[in-house]
Amino acid sequence: MILLLVSDINGDVLGYYRYCFGCDTARWTWNEERLELRFSGSSDKVSYGADFRFRVFGIPNINGLSDIQRRDKGGISPIYVQPREAFITLYDIPFGGLEVSVGKKVISWGKADGINPTSQISVYDYEDFFDIGAKLGTNGINIRYSLGNFWVEGVFSTFSPDAIPPDPYSSVFFSSFPDTINIVALNDTINIPKNGLRGPSEFAIRFAGTVKGIDLSLIYFRGYDGIPYPKRIDITPYNLIEKQVKINLIMEYPKYHMLGFNFASTPFNLGFWGEFALFIPDSFETQKRLLLPDPFGFDSVTLTFQPNKPFLRFVLGWDYTFPKGIYANLQYIRGFINERSADSLRDYFILRMEKTFFDGNLKVMPANLLLEVGNWGNIVWIPAFEYYPVDNLTASFGVLLIWGKGDSPLARMEKIDEAFFRIKYSF
Amino acid sequence: MKGLKAILPMLLAGNLYGLSGNDILIGVDSVMNAPKDRKTLMKMTLIDGKGNERVRTAESYQKGRDKRLIKFITPADQKGVSFLALPNDVMYVYFPAFRSVRRVASHIKYQEFAGTDLTYNDLGSFGYSKDYNAEIVGEDDVSYILKLTPKPGTDKPYSYLKMWVDKKTFLPQKVEHYDKSGSLWKVMRIEGVKNIKGYNIPYKISVENVKKKHKTIMEFENMEVDVGLSDDIFTVSYMRR
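Read top to bottom, the protein sequences are chains F and L.
Just so we're aligned: the first sequence equals residues 0 to 426 in numbering that gives the first Met the number 0.
Just so we're aligned: the second sequence equals residues 0 to 240 in numbering that gives the first Met the number 0.
Next comes chain L alone, as it looks inside the complex (with noise of 0.2 Å):
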């Protein structure tokens, strides 16, 4: 299991001296981020209050923990269009019909991504050790439970998170965001898991508005990790491709 080796050191550690929550969260991104890229065809299915569905899929490639190149296949009105997210809040969009790339600027990182529950704050990077500070409030026989409150500084528009942590994976099983005002906004769930090239994988990730009665399924198919992908893919002039 590559992403765990990565923090046994720091486990093995932990069981000495005893976990903290910030120790577990570094372990849950470098789990989370362990292979160096990965290639998938990403399948977003977007159900209403009243159970209608959308499908949208896109090709999505990722390099690290924050270069992200997500090409949208359908539906029809929005094939082409492409999202470039770099690190420091660097993006870009592609719109096929006017042949323009459009820097966005990180105002719409709260904004819902193409109809999903989904900020493009989300797909933007992945790692919550770099915002959150995390504190164990809870356990049982299979999870941790933390509270992970924002870092003095950072913009979120959480007031604080709480996650469960599995824990022989260390991945998260389940995360519930609240708003502001305390109150239960959003509900991430890892559904399913496969072990590609020895890596821990979701392939399933369901995320719940529940403000919203909206909600997200997001399946990765064909995935590919460690194919060595080129830093040349996550630029302007790849997503105009």
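This is chain F alone, in the form it adopts within the complex (with noise of 0.2 Å):
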């Protein structure tokens, strides 16, 4: 019997600040409140869901007296809407135990937490540096069949890029030019896979299931990487003397191939998991092309390509809760976000412990702390706590600490210390 549905409106309104004390000129880098509404509902046989959020970043975007007079204020409080899902599922329809969702959602499959190689359906929203792992809803159609403790899970759905930060944060993701060769004008293309039913298209395929105790899924995906890579780049010596360039930047999304394995345990009491993600990237060749003769040796140049060797990104982790309440939770880590060649895998740890105190109002994050494994300078320190005084208010404190050295992407990031403070109440 299909019963009516339950209709239900919530969300967050959030405000999120953050200040950079270790960039050259010290300054604002976040200023933002954000309405986030979630409407959703459900019967037995059909639930939707939907997310859009209203944000507003309080750096006004005046250029002129224009910007000041515009009947929207958009000038003074430029205001960005963002739908993030918006889906339809219907369960136990045309027979029991499938589940088909279409629409734009999120799709998450992995076991780690936070970094998750094997979870390539949903593109991921890096504009955060704090909230790594955050997903975008994408559009397709996503079918899955349960039996008991096992379930096939099929997902058909169109190319969608990663959203990456902004300067400077995108520096962990794009090799800089090196500092001798002095950029005039620099001109980027992306070119997106071309529309039609193959071009953009991507699939999924994953089984999952419990096993004396230990769950475990093996994943197939095709598709895209989400992040661009240089497909052409042509330079063009603009003033020799002061040995000046143009560049014209033509970028493309490589495709490949993904085997994914994950498990989940709890061995001795311990939260064990894992997940392995063997890329095998298709053919993607970056054209380099000098305009004219080279009298600087720009062919020394050298940008971050996608190479045509299959590798392999894998997380483990474990965590504990010890006496007193103090959770730890620890992740070996090959592969961070931005690094997905062979060439460019680093190790990792990532280390998180909290507390809770006063009824668990205050909580205590000391050590939220990412290490280079073998280079042990190139550090991420992030102590924070969060309080919450009433029901469905959320403070957070804490700072961003960055040692980067060599050509780690954390020495590119290293004058970004940041502290931050984010208030958010859900209703």
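Rather than coming from a laboratory, the hints here were simulated on the basis of the structure.
It is possible that some hints are incorrect.
What the hints assert, rightly or not - Chain F stretches covered by chain L per the calculated footprint, using a threshold of three residues with CB under 8 Å from any CB of chain L: (1) 257–267; (2) 411–419.
Stated by the list, open to error - Part of the chain F face toward chain L, derived, beta carbon under 8 Å: (3) N9; (4) F38; (5) G212; (6) S216; (7) G270; (8) D358; (9) G359; (10) N391; (11) S425; (12) F426.
Every residue, glycine too, gets a C-beta built ideally from N, C-alpha and C.
Could you use the hints to bring the two separately framed chains together as a complex?
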């Protein structure tokens, strides 16, 4: 029997502020007020969900008088509306055990915390460096058939790119040109997969279940990397005396196969999980063209290319609650979010420890640490605490501290030391 | 009284030969778990030492002794968070914000659940006789008084429990929980019982953490029993709905 849908509207009001005290010129780097609305409803046979963000950034976008005369006040308080999810799910139609979702939906398949190399369907929202693992909804159809503790799930979706963070955080994804090159103009173009039935299509299948108390899943994914890579770089010398050049950069999204394996278990009272993702990229070659004779040795310019070699990213994680309620979560990671080729893979430990006080009203997280294995001086440390003075209200405070040396991406971000404050009310 | 009928032969034997503490404890488990399944709206009121109250509501589904699903309705920041407990200490938590189901290990068994004075273990399964040996340490007109000590090899945070069992209904009226040092830690009281379909079922239970001066009152509303809950409800797939 199909019962009437019970509909709900929930959401959050959020204030989010960051101040970069380590930047060359100390400044506000994030100044946001956000209203997030979530609509949902369900019955025995159908449910729906939608999620919209209305965001106001408090840094005015004013270039002239007309910007402060606008009736929508858009120059004074730029507003952004972001649809994150909108989907409908059918249950047990036309037969029991079947679940079909259609629309824009976040699909998260990994077992690890935050870093999920086997979760490749929903694209990542890397905008906020403090919210690693955040995903955006993907347009598609998701079919799942459950039989007891086992299920098989297939997804057919259309390509969508990852959202990358604004500067200066984007430097974690993209190498910069050597300082010896003086770029007077940089023109970049991104080619997305050609529209059509085949071009932008992605698909994945997952077999999952529990065997002898161990949760297991096998995944196959065929689709695109969410981060674009240089396909063609034209370097045009502009002023030979000043060593100035113009660069025209064309980027594309490489396509690959991914074979994944996940597990989660609880040996010796420990939480223990793992994700293994073998990436097999399609052939992808970057053309580098110097349009005039090369007087500066530009051939030595190196960029991060997508090679054709297969590579393995994985995460192994453990968690445990010690006496007195001290929670510890440790993950060993091969391949951080920005490392997407055999040559770029590095190893890291991520340690998180937390303890609550005052009947759970205060959570202290002294050790939110990322350490690069072997290069122990490359560290990200985010000590923070959260305060819950009343139900539905969360206030978060903390600092982001980065140390990086050598050719590590962290070295490019070393000056991004920030303090942050976030306050959220859920309704 | 359906739960009591099941243990009637044992009780009759007990009248002839004298009930042991373990017999009474088996009776308690039988009465507490008499319905095949139950579905209810659970209201949890958390009261701190200053008298401040916070309320959580959740849908609760239980089948047998060791299958339970709890889906939070309020507060808003926990809406949709679900907890699934299955046999052999298999537990999952679903976080709708991340659309992810997390397997949780038994190290959290004795952590407080969602700010209440109940642990994950308290919510996971009902059954004292599996983990405790009982001896009768007292008796009055209405109650047997039992001392429950953990069986060897069981992992419990308590050194012993002291339980007052109603002689007529075999429902525990009060259970005192003592920590490893022998100090009183928590007191659970059944504060209201309803008869639904012939079962005596507690509809109001309080748990007081004496050390923290914190109390949780659980009230079960709209309770339905023996409704034939499907095993499909107690799955990871159903948690996400």
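Here is what the structure says about each hint:
no., hint, in the structure
1, 257–267, "holds (count 3)"
2, 411–419, "violated (count 0)"
3, N9, "6 Å, holds"
4, F38, "13 Å, violated"
5, G212, "6 Å, holds"
6, S216, "11 Å, violated"
7, G270, "4 Å, holds"
8, D358, "6 Å, holds"
9, G359, "5 Å, holds"
10, N391, "5 Å, holds"
11, S425, "4 Å, holds"
12, F426, "5 Å, holds"
Consistency note: the structure conflicts with the earlier hints numbered 2, 4 and 6.
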